[in-house]
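*Asks:* Those protein sequence lines, which keep their order, are chains H and G. Residue numbering for the first sequence follows our numbering, beginning at 1 and increasing consecutively. Residue numbering for the second sequence follows our numbering, beginning at 1 and increasing consecutively.
A few of these clues could be false.
Claimed, not checked - Short derived list, chain G residues pointing at chain H, Cβ under 8 Å: (1) ALA142; (2) THR310; (3) PHE311; (4) GLU314; (5) SER328; (6) TYR372; (7) TYR376; (8) PRO559; (9) ALA560; (10) TYR564; (11) ALA577; (12) SER579; (13) GLN582.
Stated by the list, open to error - Here are the simulated SDA-like pairs of lysine to any residue, each with C-alpha atoms no more than 20 Å apart in a straight line: (14) LYS46/H to ASP302/G; (15) LYS126/H to VAL204/G; (16) LYS126/H to GLU205/G.
To be verified - Chain H stretches covered by chain G per the calculated footprint, using a threshold of three residues with CB under 8 Å from any CB of chain G: (17) 35 to 47; (18) 65 to 76.
If you are wondering where the hints come from, they were derived from the structure by calculation, not from laboratory data. Just so you know, these numbers come straight off a predicted model, no measurement behind them. Cβ atoms here follow ideal geometry from the backbone N, Cα and C, with glycine treated the same way.
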Amino acid sequence: MSSDETPDQQTDARSDAEPHPEIPRNGLPGPSPDERPHPSGRRNAKGIRIDPEAEAEPEHRTAVVSALVEHEPGVLSRVSGLFSRRQFNIESLTVGPTTVEGHARITLVVEETDPGIDQVKKQLAKLKPVIQVGELDDDAVRAELVVLKVRGEEPDKVQAITEMYEGRTLDAGPRTITVQITGDQQKIDDAIDAFRQFGIIEIARTGQTALARGDTPTTPGEEPGHAKESDDDQSDEIQTGTYDD
Amino acid sequence: MSEHAPPESDAADESVGTTETGVETGAEAVVAALENAGAETLFGVQGGAIMPVYDALYDSDLAHVTMAHEQGAAHAADAYGVVSGDPGVCLATSGPGATNLVTGIADADMDSDAMLALTGQVPSHMVGSDAFQETDTTGVTAPITKHNYFAGDADTVGDTVGEAFALSAEGRPGPTLVDLPKDTTLAETDREPGPAETPETYQVEETPDDAEVEAAARAVERAEKPLLLFGGGVVKSDACEVARGFAMEHGIPVATTMPAIGSMPEDHDLCLSWAGMHGTGYANMAITHTDCLVAVGTRFDDRLTGGVETFAPEAEVVHVDIDPAEISKNVHADYPVVGDAGTAIERIDAEMDRSPQAREWRDQCQSWQDEYPMAYATPDDEPLKPQFVVEAFDEATDDDAIVTTGVGQHQMWAAQFWTYRSPRTWVSSHGLGTMGYGVPAAVGARIAAEDDQQVVCFDGDGSFLMTMQEISVAVRENLDITVAVLNNRYIGMVRQWQDAFFEGRQMAADYDWCPEFDKLAEAFGAKGLRVDDYDEVADAIEEALDYDGPSVIDFHIDPAENVYPMVPSGGANGKFALSEDQL
Ligand SMILES: Cc1ncc(C[n+]2csc(CCOP(=O)(O)OP(=O)(O)O)c2C)c(N)n1
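Build out the structure end to end from the sequences listed, making use of the hints.
*Replies:* Below, the structure written as structure tokens:
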């Protein structure tokens, strides 16, 4: 409206249409919420349109996600910060260098719904130091390491259990025995249960680390043993192989 | 100033111009990198750890605007970026300087605004010792930056700054930060920074996948009630022309998000203005009833969607975004299209064989506009209505005038009652909702704007009080900005919620202790005006706009006025309330 118009009447702001007859003193004209048509459709909490007949909340599942990252200071805190900030359910996280200088691999085990796992991968891929992200399928090669310290009163029995789980004794003294077991999560869980009878004093578990089986690259497009920009002087020093040969 | 003596350094003895004679120190490399990257104006505040960079600026052609507070520097840089389309740059010293930037960085992050922050840091060998004015700046800002860097090497610091600048603008924009320890900036180096380039690991898919485009095109063609939803990404990728053209060619109504205000001319028949919590009733009706929502460059913020369960409940969603992580984050995308907004729309358009049959739907959207008008009552005897002030300003200014705002009711009225026609004329704090954004944003916007473009800041009394010290900067720089304080003597938005959801218990909402803003403006050296009645409005606006320099009008408005329509938090967009008793 033009500023020289006297504002003593009710004003219709948006359109040049007739001034609206009843503008409430505090609020706007128009049909109230229940007088309006409303569609009957609905989405679930993840924003997916749902069939009300077959409505089901998405199930959580465990996924192993591998991220190839630039091995620079702060990368681990960026990744773990991302997980806490976005409230992703993380089971374990392992990290270590690869054969490519300046690269590291982070293996994450997460428990999320399918859309959640998708978000985990996409949010990870967005981080600048993250080179590639992949999710491992069920037949991936996975392993975890546990170091266990138990009471040393029954060394023979401890030894027997250790052998049963293909473990190794790292330290044996008069009062304590420390062993290491590697394997998949189930085996580690079982082993820990078996050692309980001796009295477990201390325990350190690494969390799972994993690679894709056979010819499949662990993260998409990952080249075996090479940096993307791998130069000749580097490839001499490090052992490399290719899936082709 | 309590400062440590700067370390001995040969380079500090002689100030050498960076452009003529090449780089001699890390600080000069920083400045050279900014020049290479095309930066023109920096916003900042001096301090011990950043002094070497300022010293290098002494001989540079880069303009520097000293702000009154680092928060102001960050908001000014942000707004400069929004208006110019290039990343804004802000500088601060270590410790308190860096922490004062934090709000502005977080604000830019939430709104995906390209911005580069440069912070001083204590010398590397003292990092971790709790040295004077030390803060773990990269640690503090990691969750609110697109990426940040600790620049420990004078030979590479220039490239790092160039990379940070480029990265902030690439793909989905966002703030980046480079922390500059003093030994790095003082150290000798002759390494000229190369061109500003994004890192190799940051790869953006600009061009969407053919199959995605085809599927999206089919979905739009068969829609009977198609609706375009333009988000801030449409503005950021300079896709407004393409997006408007697409809407008009196919006769598809358009709603925008708040950050996308101006992407579609609001006086166009197809434009339903912006949707969301305080968006128009007609935009929210359209969102509720569409069968095909084509959302471009939006992250489906909860202020837009309300409860996702009831958001566009019958629509197939086509979601175009440059950031794959936004696809199906909040609202599931039936047809994801990952790519640049303009490119994606062009490709979908080229793939479409026909326009959707949407005549009835267009008529329906039109009739909602008549049913739910944006209106307000202005009988003679009531106190001045804020909506009237906004409209009077809109009337008195040119079509391409820029509006900045604080956060609160005034921000909503400025968004609702001003008719925006061009992108980059609406500059506001959306995702973070930062009170105090308006005045420093007006400073940044003024510097980025064309000379003949007017800049108006709508502020609340509470918001103005938070950053009004930046008026001193506008006075010093003789920046022609007009600040309209919509003064209701309340932190009004809070009072509105207390009335609606806390039984009117107005705890700490009453701001009748505010100073007289017109007099404060005068104390700063700006022009100060005060308006209490309808008949003073036009003259005061004219006087302020005519004044060559900053002016502040303290509009004493109806303290009881509230913002409607309103979708209560988590509510259904289609059930927006038109008055308090409907909440
Ligand atoms: C920095 C900051 N602190 C607190 C808030 C919470 N808040 C949101 S709106 C609002 C009221 C703003 O009051 P004012 O600036 O006077 O504007 P009005 O709503 O009265 O127009 C407050 C306190 C915020 N958004 N930002």
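*Asks:* All hints are to be evaluated individually against the structure, with a verdict given for each.
*Replies:* Taking the hints in turn, this is what the structure says about them:
1. The closest approach between the C-beta of ALA142/G and any C-beta of chain H is roughly 6 Å, which is under the 8 Å cut-off, so the hint is satisfied.
2. Checking THR310/G against chain H by beta carbon gives a least distance of about 7 Å; that is within 8 Å, so the hint holds.
3. Among the interface hints, the one on PHE311/G holds; its C-beta lies about 6 Å from the nearest C-beta in chain H, closer than the 8 Å criterion.
4. Because the beta carbon of GLU314/G sits about 4 Å from the nearest beta carbon in chain H, less than 8 Å, this interface hint is met.
5. Because the smallest distance between the Cβ of SER328/G and any Cβ of chain H comes to about 6 Å, under 8 Å, the interface hint for this residue holds.
6. Given the 8 Å rule on beta carbons, the hint for TYR372/G holds: about 4 Å separates it from the nearest Cβ of chain H.
7. Given the 8 Å rule on beta carbons, the hint for TYR376/G holds: about 6 Å separates it from the nearest Cβ of chain H.
8. About 12 Å separates the beta-carbon of PRO559/G from the nearest beta-carbon of chain H, more than 8 Å, and the hint is not met.
9. Here the hint on ALA560/G is kept, as its CB sits about 7 Å from the closest CB of chain H, short of 8 Å.
10. Contact between TYR564/G and chain H, as hinted, is supported at the beta carbon level, the nearest pair being about 5 Å apart and thus within 8 Å.
11. Residue-level restraint check for ALA577/G holds (minimum Cβ-Cβ distance to chain H is 7 Å; threshold 8 Å).
12. Residue-level restraint check for SER579/G holds (minimum Cβ-Cβ distance to chain H is 3 Å; threshold 8 Å).
13. With 8 Å as the threshold, the beta carbon of GLN582/G comes within range of chain H, its nearest partner Cβ sitting at about 6 Å, so the hint holds.
14. Pair hint LYS46/H plus ASP302/G holds up; C-alpha atoms about 13 Å apart against a cutoff of 20 Å.
15. This hinted pair checks out: LYS126/H and VAL204/G have alpha carbons roughly 10 Å apart, not beyond 20 Å.
16. The suggested pairing of LYS126/H with GLU205/G holds, with an alpha-carbon distance near 12 Å, which does not exceed 20 Å.
17. For a cut-off of 8 Å, the count of residues in the region 35 to 47 of chain H with a CB near a CB of chain G stands at 12, and the three-residue condition holds.
18. Counting residues of the region 65 to 76 of chain H whose beta-carbon sits less than 8 Å from any beta-carbon of chain G gives 3, enough to reach three: the coverage restraint holds.
In this structure, only the earlier hint numbered 8 is contradicted, and the remaining ones agree with it.
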